[in-house]
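Trainee: Below are the chains, spelled out letter by letter.
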Amino acid sequence: MSLIAADHICVRYGETEVLHDVTLSIAPGEIVTILGPNGSGKSTLLRALLGIVPVAEGRVTRADGLRLGYVPQRLHIDRSMPLTVRRFLSLPVRVADAAAETALDRVGMTGFGARQMTDLSGGQMQRALLARALLANPQLLVLDEPTQGLDQPGEAGFYRLIEAVRQDTGAAVLMVSHDLHVVMAASDRVICLNGHICCEGTPRVVSSAPEYRALFGLGTQGALALYQHDHDHDHDHARDHHARDHHAHDRHDHDRHEHDHA
Amino acid sequence: MLDDFLVRAGLAGVGLSLATGPLGAFVVWRRMAYFGDATAHAAILGVALALATDLPIVAGTLVVALAMAVTVATLAARGWAMDTTLGVLAHSALAFGLVAVSFFPGVRTDLSAYLFGDILAVSRADLMLVWGGALAVAALIAWRWQRLLTATLSEDLAHAAGIRPQRERMVLVLALAVVVAVSLKVVGALLIAALLIIPAAAARGLARNPEAMALMATLIGAAAAMAGLALSLWQDTPAGPSIIVAAAVLFAASASLGRMRG
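Protein chains in written order, with my numbering: chain F, 1 to 262; chain P, 1001 to 1262.
Don't take each hint at face value.
What the hints assert, rightly or not - Across the chosen pairs, the derived CB separations fall in these ranges:
| no. | chain 1 | residue 1 | chain 2 | residue 2 | range |
| --- | --- | --- | --- | --- | --- |
| 1 | F | Gly14 | P | Ala1125 | 47 to 53 Å |
| 2 | F | Gly111 | P | Gln1235 | 49 to 55 Å |
| 3 | F | Val60 | P | Gly1258 | 52 to 58 Å |
| 4 | P | Trp1143 | F | Ala156 | 41 to 47 Å |
| 5 | P | Gly1258 | F | Gly58 | 28 to 34 Å |
| 6 | P | Gln1235 | F | Thr102 | 54 to 60 Å |
| 7 | P | Arg1259 | F | Gly170 | 48 to 54 Å |
| 8 | P | Leu1075 | F | Gly58 | 26 to 32 Å |
| 9 | F | Asp188 | P | Ala1212 | 40 to 46 Å |
| 10 | P | Val1099 | F | His8 | 55 to 61 Å |
| 11 | F | Gly14 | P | Leu1055 | 39 to 45 Å |
| 12 | P | Thr1085 | F | Pro54 | 21 to 27 Å |
These aren't lab readings, by the way, just hints derived from the structure by calculation.
Every residue, glycine too, gets a C-beta built ideally from N, C-alpha and C.
In isolation and in its complexed conformation, chain P is listed as follows:
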């Protein structure tokens, strides 16, 4: 069954949403949208690094995404103006990455695979990687759930309860870097942040508690992956953007549902 490229693509999308659902909820609660963008854009630089050093692509992206995420988190903790800082870092990382990648002649042709993903070309090995990474991130977040929630709600309340908010922030930073590394193949560097934010935002109006929102975000993410794949198949559209289009449609539906209720 796994021989079918469509099945593999579907499984990759569903697997990824196990991580992007809960992590996306934290990205929304903590207003880390730009942060996600900067980290994801750095993945292109990671591709260049991997090509230059003969590392696997996923290792290169993981290293660079982690470096970017830690840098941004550290600057934020020091009170830098994040709007500007992230604007500089996110776009610089992308631009440097694109320039660096252009030095490798073979890559130019399939650059769009890194920018927009190539979910229909997901191999068995890729699939293992996506599920392995996504399950690891989901498990990490589940393990620290109470502490992450408390630290997100209020760093002061966390401190008073003996929780160290800096550590919880680093947990999310690590999770983000892993998600970026394993989802590059699925949706591409430009749209990873969208996969985090849009399902979580769509889940907001449907949930009364954090757990429900994370769960709904996961379901919406998985549904968007399937719907996007279907669109891609029938209309021959690029798969990554099609998934985000599906997520955006689900967001619009959820928002209007919320408005009718509220």
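Chain F extracted, bound-state conformation:
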């Protein structure tokens, strides 16, 4: 019995098809990472699974009464809203003080309850978001590039935390990343996405798949390989992805990188 499943879903923004014929399902307790270059529809896939964006075709099914914890890519809180960490943890469901403290302890933010959310650093904010997600006692944790904006030690720490949470609670984890190192180390299953599912399997299987190598470049790892893929190969939808990229900062990254190569 899967927790959440997508059955041949397509997602369109206006005329452009961002996701084409994607089928996947998440089993209890597994860590699944969606991997893909900027504009490949990773975030869109998560958002379609969560019901944030509508699917044009196909369907998304959830297990009955699925408890879901969601950690977005980042959360911008307008300074006009006063909000302590403790109060934030009680949204949308009010939680007891003891539970809130336990959740803050769990993510290494003991004693931060009285802080204003707007005063948190990027890493603290992600931890607060995780603490809030954990309070739902989730069967499935959904994380959208949760370490964006963190430095490397912060990032490694965050993923260790996720792994520990999985061990403690048995929650399945579905996350999006474009960081190859992390993904390869920490996932049970990797789904390689570029508008459609290029390949999937264990990290070992995926890293030797030709589709994966085409997408991320052969032999090299890290940022450079990531950024080169669009220019040295013409993978199916790759051309259109600049246009359909819907995250402003992603687009910015892409633009900058195109200039670098120009």
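Given chain F's structure and the hints, the job is docking chain P onto it.
Mentor: Showing chain P alone in chain F's frame:
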């Protein structure tokens, strides 16, 4: 006791602040200031409608304010450039309203009552209307408080928790239309938005949580109403603008208090 016009005026101001406090907080958090303006300015058009159809004034303003609020909310959801759109709609509604009202000869003379309010002429029936509307709005916001806050903080987090942000937005739109309709007599179409925004902005620096900010906004709104009435009585100034002047003074005091602290 209710026979005294001053008592009725004071009660009207205090009653209204029960709604404008919490609603004003959301207007500030969601950056809906212009939105409030457009809806309030449409009230003049509502007055013309009411006069043309022999409806009660409050019914005419409610209908037109609701139509304007829904229009603006729908355009915003479709991604229109709100700065320009609201600029066009707000001022057009006001201008059309003023032109339409001028066709009714009797109204010209007391047009300023609709523009700036006539709180000292509040009747018992008006008072019932103000309290009825304000209590209804306060109850609506209290009922949906957690959902409204979550949707205001992040539509994505709301979606993931099974909350529909569009519905919560419509709750606020409805509340805004009701507040505009019942407060026309108190502060007038031109200054309703000020009554929403200024007390909430003054409360921001004094609060650490959303609830505290809404409560403080209510208290500041009520205090401004009383102080404004007193000013109006002693100096024979127009009551509606006097209330806003008092609110502005409280805002300045709160801002400098915040600066001394911070």
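Trainee: Taking the earlier hints as the rules, which of them does this structure contradict?
Mentor: As far as the earlier hints go, 3 and 5 are violated by this structure, in ascending order.
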